[in-house]
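Chemist: Here is how the chains run, residue by residue.
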Amino acid sequence: MNIVVDLNRCQGYAQCAFLAPQVFEMHGEEALMYLPVPPEDQLERVRRAAAACPVQAILVGEEAGADVR
Amino acid sequence: MAADTLFHRITDYANRADPYPLYAELRESGVTRQQDGSYLVGAYHEIAALLHDPRISSDRRNRTAADAAATCEEDLPVSFIAMDDPEHNRLRRLAMRPFGPPHTPGRIDAMHGEIARIADELIAGLRGKDRIDVVDDFAYPLPVTVICRLLGVPREDEPRFHAWTQEIIASFDPTPGEDLAERQRSGLESRRTMGRYLGELAEKRRGHPSDDMLSAFVNDEGPDGRLTQPEIMATSVLLLIAGHETTVNLITNGVLTLLRHPEELERLRRRPELMPRAVEELLRYEPPVQMLPQRSPLADIEVLGTTVPKGAPLILVLASGNRDPLRFRDPDRFDPTREDNRHLGFGSGVHSCFGAPLARLEVQLALTTLIRHLDNPRLVEDPPPYRRSPVLRGPRHLPIERDTTGT
Chain R
1 MNIVVDLNRC
11 QGYAQCAFLA
21 PQVFEMHGEE
31 ALMYLPVPPE
41 DQLERVRRAA
51 AACPVQAILV
61 GEEAGADVR
Chain Y
70 MAADTLFHRI
80 TDYANRADPY
90 PLYAELRESG
100 VTRQQDGSYL
110 VGAYHEIAAL
120 LHDPRISSDR
130 RNRTAADAAA
140 TCEEDLPVSF
150 IAMDDPEHNR
160 LRRLAMRPFG
170 PPHTPGRIDA
180 MHGEIARIAD
190 ELIAGLRGKD
200 RIDVVDDFAY
210 PLPVTVICRL
220 LGVPREDEPR
230 FHAWTQEIIA
240 SFDPTPGEDL
250 AERQRSGLES
260 RRTMGRYLGE
270 LAEKRRGHPS
280 DDMLSAFVND
290 EGPDGRLTQP
300 EIMATSVLLL
310 IAGHETTVNL
320 ITNGVLTLLR
330 HPEELERLRR
340 RPELMPRAVE
350 ELLRYEPPVQ
360 MLPQRSPLAD
370 IEVLGTTVPK
380 GAPLILVLAS
390 GNRDPLRFRD
400 PDRFDPTRED
410 NRHLGFGSGV
420 HSCFGAPLAR
430 LEVQLALTTL
440 IRHLDNPRLV
450 EDPPPYRRSP
460 VLRGPRHLPI
470 ERDTTGT
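Chains R and Y, in that order, are what the protein sequence lines are.
Last residue of the first sequence? That's 69 in this note's numbering, and every number before it is there in order.
Last residue of the second sequence? That's 476 in this note's numbering, and every number before it is there in order.
Hints are computed from structural coordinates only; laboratory data are not their basis.
Glycine residues also receive a C-beta, built at the ideal position from the N, C-alpha and C atoms.
Heads up, some of the hints might be wrong.
As the list claims (entries may be wrong) - Looking from chain R toward chain Y, a few residues come up when the C-beta cut is under 7 Å (computed):
no.	residue
1	ALA14
2	PHE18
3	LEU19
4	GLN56
Claimed, not checked - Which bits of chain R does chain Y cover? Going by a derived footprint, with three or more residues having C-beta under 8 Å, they are:
no.	segment
5	23-33
6	38-51
Between the sequences and the hints, there should be enough to build the whole structure, so can you do that?
Modeler: Take a look at the structure:
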């Protein structure tokens, strides 16, 4: 699994940082940091986070993880 | 029929079960002045723009015609949902500090196991019953239990705060009519009583910290300082009401929608990993908050060619924007796998739903648990009886039958 967040779209609603706090982290109230290749055990949380993004800025490549590793 | 009666018809209880044809009429008619002086907006792009427009106020004190709901007194200020920035922002940040990122990022995620356990316990309590009321047996007790634990409110006090909550909700139901002033007065009274009750609960924790939000409000101090006692009262009334009165409708609307679309229910039963996106589609298709009734412009503004005067009630019908064919393909179709779904179910902009991540998690777990345990569920009544409010819309009861062989 790998993740790409379109940071031009991100408006800091922070839904991802609530729902997958080990993968997405807010620095202050607006800047988002994230793990582009999160551990496999975070898949369910990453899926919740991506679905919840109000501006649909999170892309999850579930199969691409194998290549990245 | 002339457009100016639309608000009357939308708020008419007779249309509660299916307001969507009226919303289609609203989108067709643009923005028109209603009989009671308010202006309704039902088009997606206009609602989204207005939610990000600094000329639009959430503070009813900016309305030309004063109403009792705007009353602000020293002992109990309005809550941040009814304020504008910068004061709204200050209070919302202080309330966010013990709830989510950046200060408390793991709080909601850590509630996952507990929410699932509460859902399982409620299901276990239904063993052997072939007839269930989804509202009273499941969709109401679940979020109530969750918000009580989160805030630090005794669960056994539910009958008390439930009664206050009903009065408060009735007071911001904008249905025009003779009893509006009376409803607003008794709503204010209940809000004051509930504020005192929550303020006392918080005060007991001063110097005796516990793991709940009321305790954090009185004991923790961040760079922005802390909430004053009246601010704690106003904020915790808001969080306790919003924390359960909206979620119950989202869960119930979800069960109703899935029972009306049995093939989708079956698919979600087989593939629970689709549930997060299914919940987003429910937020679009049957949002628990149908409209935002308390905005008004700070200056004359133009919306779809109509001038909405400064201080006029401006009602943003989120549930109509969510069905706007100019924004969503095939908007009246319930499609849990919908890709393009930037719905307005939680609003948008600075006032977007404070508790959205908690609601999402609760509803995903509630629906997953429920459909896993219901064998051959069937609606007993369609449509079911609805609650009064056209704003916080949802069934009052949702009786269903199921097979109980083997349970």
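Chemist: Does the CB of ALA14 (chain R) sit less than 7 Å away from some CB of chain Y?
Modeler: holds, 5 Å
Chemist: With a Cβ-Cβ cutoff of 8 Å, does the segment 38-51 of chain R contain at least three residues near chain Y?
Modeler: Since 6 is at least three, the answer is holds.
Chemist: Given PHE18 (chain R) was flagged as interface, is its beta-carbon under 7 Å from a beta-carbon of chain Y?
Modeler: holds, 4 Å
Chemist: For the segment 23-33 of chain R, do at least 3 residues have a Cβ located nearer than 8 Å to some Cβ of chain Y?
Modeler: With 5 residues closer than 8 Å to chain Y, the segment 23-33 of chain R meets the three-residue bar; holds.
Chemist: Verify the interface restraint on GLN56 (chain R): the C-beta must sit less than 7 Å from at least one C-beta of chain Y.
Modeler: holds, 6 Å
Chemist: Min Cβ distance, LEU19 (chain R) to chain Y: is it shorter than 7 Å?
Modeler: holds, 6 Å
In the structure shown, no violation is registered for any of the earlier numbered hints.
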